[in-house]
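S.K.: The residues making up each chain are set out below.
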Amino acid sequence: MTRSATELTVTRDDSRIARLAAAAIALTVAEAAIPMPLPGVKPGLANIVTLIVLWRYGWRDAAWVSLLRVLAGSLLLGQFLAPGFFLSAAGSVASLLALAAAMHLPRHWFGPVSHSLIAAFAHIGGQLAVARLWLVPHDGVFYLAPVFFSAALVFGLSNGLIAAHLLADRSHADRR
Amino acid sequence: MARPRLTAWLRYLRAGDLLVLAAAAAACAASFVLLWRGEQPDRAIVRAGGQIVAELPLDRAAELTVDGPLGQTRIEVEPGRARVVADPGPRQYCVRQGWISRGGAVAICAPNQVSLSLNGGGNSHDSLSY
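Heads up: the sequence lines are chains A and B, in that order.
Per the numbering used here, residue 1 is the first one in the first sequence, and the count goes up by one each step.
Per the numbering used here, residue 1 is the first one in the second sequence, and the count goes up by one each step.
One chain only, chain A, in its complex shape (with noise of 0.2 Å):
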């Protein structure tokens, strides 16, 4: 058997950020089956990786963990390429964005609550962006806007308190 001409030498962040981004597609994928009255209203518990990510690893990682999550997720519920892929990455390239600037909030004022807010404020606004100038080029798109932003008032707070309750609880620090 001839060797492979390239070799991949994979480094400890490689390893790292490979873990949490599967952790955070686990939660895509069992977050898929649960019912939801409205389609684009999603818990978004993945954000929860990306925010414990963040907050540990730096942005860098963060983005890693959320661009991997959005593609593997959609291959695995056979999404990709489908409007709903695109409206997530667009999502998840504005929480990303936002959370760049977010991250420079002092720690000790803003804690993982405020960078879940933002980052889900940012999502919807990233999502209906898209939706507006692309899938449905029509403001009927923003007839449902308040129920998104009620909806990521109420799951970027409570992403965000699960997110600080794990980093508060030093058991779970990752291994470098």
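Incorrect hints may appear among the rest.
[As the list claims (entries may be wrong)] Chain A regions said to be covered by chain B (calculated; three or more residues, Cβ under 8 Å):
#: 1; segment: 68-81
#: 2; segment: 140-146
#: 3; segment: 154-164
Honestly, the hints are just simulated from the structure, not real lab data.
Quick caveat: nothing in here was measured; it's all calculated off a predicted structure.
For each residue, glycine too, the CB sits at the ideal point set by N, CA and C.
Since chain A is already given, all that's left is putting chain B on it; use the hints.
M.R.: For chain B alone, kept in the frame of chain A given last:
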């Protein structure tokens, strides 16, 4: 890992978090008010036989009588709302509709070919299909 009590979750909220939470809740409330209130009408438009016969501003009370094929239709305007008071039509649908106040709302007295509508409401549709 122990599951925290309901009140114990509060300790994860830092001062700035409360600020962000309040801002988010305010944005939510504002979106409901701005996007779901609909456009406020400022004029009542009266048509007879398809032609506009009067446009009455909705900021003061007024009364109007319009002639149609069956007789006279009486229309009343109050600040913010309007109605058909009396109509010679047999089924009185437009009269029984009562006060209309939403943008784009309309009361039609078909037999007498008179309609009362409020402006605003923009490009709302009866139905949409994809």
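S.K.: None of the hints should be skipped; say for each whether it holds.
M.R.: Going down the list of hints, with the structure as the test:
1. 68-81: Since 0 is below three, the answer is violated.
2. 140-146: holds (count 5)
3. 154-164: holds (count 5)
Consistency note: the structure conflicts with earlier hint 1 alone.
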